[in-house]
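Novice: Take the given structure of chain R and dock chains U, Y and P to it, following the hints.
There are 4 protein chains.
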Amino acid sequence: MEIGFLGLGIMGKAMSINLLHHGFKVTVWNRTLSKCDELVEHGATVGETPAAVVKKCKYTIAMLSDPSAALSVVFDKDGVLEQINGKGYIDMSTIDAQTSIKISDAIKAKGGDFLEAPVSGGKTHAEDGQLVIIAAGHKALYEEALPAFDVLGKKSFFLGAVGDGAKMKLAVNAVMGSMMNAFSEGLRLVERSGLNPGTLLDVLDHGAMSNGLFKSKGPTMLKNSYNPGFPLKHMQKDMRLALALGDENAVPMPVAAVANEAFEKAKSTGLGDLDFSAVIKTLN
Amino acid sequence: MEIGFLGLGIMGKAMSINLLHHGFKVTVWNRTLSKCDELVEHGATVGETPAAVVKKCKYTIAMLSDPSAALSVVFDKDGVLEQINGKGYIDMSTIDAQTSIKISDAIKAKGGDFLEAPVSGGKTHAEDGQLVIIAAGHKALYEEALPAFDVLGKKSFFLGAVGDGAKMKLAVNAVMGSMMNAFSEGLRLVERSGLNPGTLLDVLDHGAMSNGLFKSKGPTMLKNSYNPGFPLKHMQKDMRLALALGDENAVPMPVAAVANEAFEKAKSTGLGDLDFSAVIKTLN
Amino acid sequence: MEIGFLGLGIMGKAMSINLLHHGFKVTVWNRTLSKCDELVEHGATVGETPAAVVKKCKYTIAMLSDPSAALSVVFDKDGVLEQINGKGYIDMSTIDAQTSIKISDAIKAKGGDFLEAPVSGGKTHAEDGQLVIIAAGHKALYEEALPAFDVLGKKSFFLGAVGDGAKMKLAVNAVMGSMMNAFSEGLRLVERSGLNPGTLLDVLDHGAMSNGLFKSKGPTMLKNSYNPGFPLKHMQKDMRLALALGDENAVPMPVAAVANEAFEKAKSTGLGDLDFSAVIKTLN
Amino acid sequence: MEIGFLGLGIMGKAMSINLLHHGFKVTVWNRTLSKCDELVEHGATVGETPAAVVKKCKYTIAMLSDPSAALSVVFDKDGVLEQINGKGYIDMSTIDAQTSIKISDAIKAKGGDFLEAPVSGGKTHAEDGQLVIIAAGHKALYEEALPAFDVLGKKSFFLGAVGDGAKMKLAVNAVMGSMMNAFSEGLRLVERSGLNPGTLLDVLDHGAMSNGLFKSKGPTMLKNSYNPGFPLKHMQKDMRLALALGDENAVPMPVAAVANEAFEKAKSTGLGDLDFSAVIKTLN
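Protein chains in written order, with the numbering used here: chain R, 1 to 284; chain U, 1 to 284; chain Y, 1 to 284; chain P, 1 to 284.
Okay, chain R solo, but in the shape it has when bound:
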């Protein structure tokens, strides 16, 4: 079966290569078409436009950088909408619930099926097929896409109505942003108290709080290395959206609010393009 794939950034490239390596036939498209060349080497076919990809495939996956790119691929000339009648469209980008619902409504009005499916995990998880997929929308399309999801991720969730996936993803990232600040403060406390912060990593790693985030970020933070796995400015944006969701639903979130301000502070001192673990530098 032919799958369409729109968007070959860091995440999209890794995901579409995974699909190809697992025997899927994939037709790819990227705004800068030359980025498709590497995929062709892995066996992909290239579509000239989003509409062309959609027309050719049973369903099409999109992995785009932000809400504006997600909207553009759907609504612009030669966009997804033009050929979506009778097809499926799966947006795995991280976008807010409102944007996701807007895309869903337009696609349904044209006779297509829509699934939102944001992921938890970064570049290395994408490469290793270890993403967590948080889907919502058209249930039958979800089931149709499960073979692909099984290749892309280690676990898929189906939540219900479009928008619920986006909300769940924001909650996950809010927890992650606050945890990173908690971790940063602990590391600085140990360091400034004259102890070895590497020992804190070890102690944490042997206790109930042991987790992959601390394990992967701790050693690089100690080396003052902030190569972006997940850029700080995106983390800040997600925390802002999570706080806005909290505001809508009258949920007090004081710790997330303060964590957000730490990311804000980091951004205002030029750290926005580094990894989000660079928030520790606000504690200097």
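No false leads were slipped in.
Note: identical chains are not told apart, hence a pair may lie in one copy or across any two.
In silico DMTMM-like links for lysine to aspartate or glutamate, alpha-carbon gap of 25 Å or less: (1) Lys-108 x Asp-78; (2) Lys-237 x Asp-205; (3) Lys-139 x Glu-191; (4) Lys-155 x Asp-202.
For the record, the hints were derived by calculation from the structure and aren't laboratory data.
Specialist: Okay, now just chains U, Y and P, sitting in the frame of chain R:
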């Protein structure tokens, strides 16, 4: 070899039983002596006073409720100091660095050896021998005690000078207190946004943040059950001590400070004796 | 000279009566027209629609409850736009910069002049002509309106381009919201330390921090009385908008963020319609 | 009548000169005796030791830098205690309740009377006799000192038991520290939104929030000038003590906690000796 054990509270009882089951000969003492009866059934001998226990054993472990109890057992009449010459004393209670140093100085002045060895982990870890032991002080005594530590914990650390273990423990608990607040806010956000908070537990458990704390506390929090594994008022006290340590060393800790105020708020509304996960109730 | 006045809520009513008492001829309109009766007793004329008021007057002032009401009065059928050619329109409502700019653009496109002029101060200031007016937009219209502003307020500012008045107002309210939280915490601290909180009011009132906000709100807070001068839910909304403005401009605002969460907490426990000083109840 | 005065720092010097100018006979002492010379020019007599001053005067005022200096002057050799029998001692230093009670107990045990009388206000208030005096302890001594207090301050309060004055002072400073952060965030928000922060000062000064703190600090903050009226490190210490008092009494103080961390951050970047308004630099 005979080991002394002072203090048979929730933690001390589980730890001394573990030692007995692994073939150690243990002489126990507790302020309320009747609490020793159950230990006798497991094979323990009873000492009449801390001094009597210390006199009889090569080294003695203490697991007491707070700094004041830790001081009392050492300095009072019939206390540890009276027989410590030539012996070892290991305090595994959670106490601040100043108290630990005060005890250490007195014991060394009387010709004894001292090791502080606070633990990370609660009642179930104590029962299962899965504590993490954070030791500092007399290195030879640490090595002598390793066979016992191997029974009590899954991992032991030796950090250096007396006081360092206490500081490391505070940093660990500061991270834990902030993480619990981050987790609580995420759960409330999901719930009030009309999603299933159980799904957040699932999603978190499959991603990089998966950890034993969320796994053990999440399900009970969803049931609104706060049976104290680690009482909230103790968590708040530890966060306060961690913030004080930060203050001494000029470490800004805004997230921990806000988390501490949430525990403070919880305490002021009568939740101090519940499990520290009851902090989620401040988000009602 | 004839002045138009749209919106006779708590603020608008007090302001238009003030204008009438100072000899201005005022034509009023309110969505619920019966509310105009009291104004007629004070000498006002009634206009049937916003368009009718604008047509009759040299310039028209609006004082509406929120952005949506502000937009409706301008853009709806029989709205301001229909007759604005050659006239002036002054919106004194509290609205965000984006909404203000949208109204401004439409009015200018139709040949009218626009001034935004949000105010600092509540009901009693409106009644006493003691508002602070923060204007921006069409300079000549500002000067034309100065005689009216001199009646309505004790001080007027002209800031420049449309949107700047709205932004300045948000900054003022962010300071106010944080100050109210600081004040609340001080009162609770004194009270729970066994001292008389009334003495704190006295001490503050004799020092450098003495200000009208503490003087007017302190005594009612001590009586647990929260009759809404400025509803808490509006304060929370303004803090959220101020934080969003900070986010746009990369300004870390940790104290305002935490103060906002306290208002959020108050709202979530049903205090939204009380005065914003009711935020002290989150410290119970 | 002869008054003793111990401590001729910035505050003590201004206060004792005031007393001399208003006709009081004053015997002064300072640890560095040469600092007494200027006071002699104003008509003071010099005492060789605290004990010598106390012996000569009906009552003695102390204005010392911190708890340790306050204790030393009383308990050291040739200290206050040696001659306090039948005399009065008034400590106007800013010290915590525990220290104040310790001094009080010792003085009463020796047959002396004690009054704590911390002040609100800085150097300029001291020079102008505009301090606010927050007294507690021996009521008759308070009344005896009122003529002097009337010269030193514009208003005196008598609160009750020793310790209550210290606590009230901490609450006042907690409000002040949070207000300064609220003010700083407002100024930065306005500035980064492209508006003139001087206009915010003007707007605030015409509204309900107008106060002497903003009026005196605003203009110097805009000039980036932080000549210490009240050093930041002392402000941070007072906030910490206020939070500790809140902790004792289970008062949640999230805004003060975050404000304290901002001062902490400022201290950790070397701003501790500047005026406390330099906390705005943490928002860069």
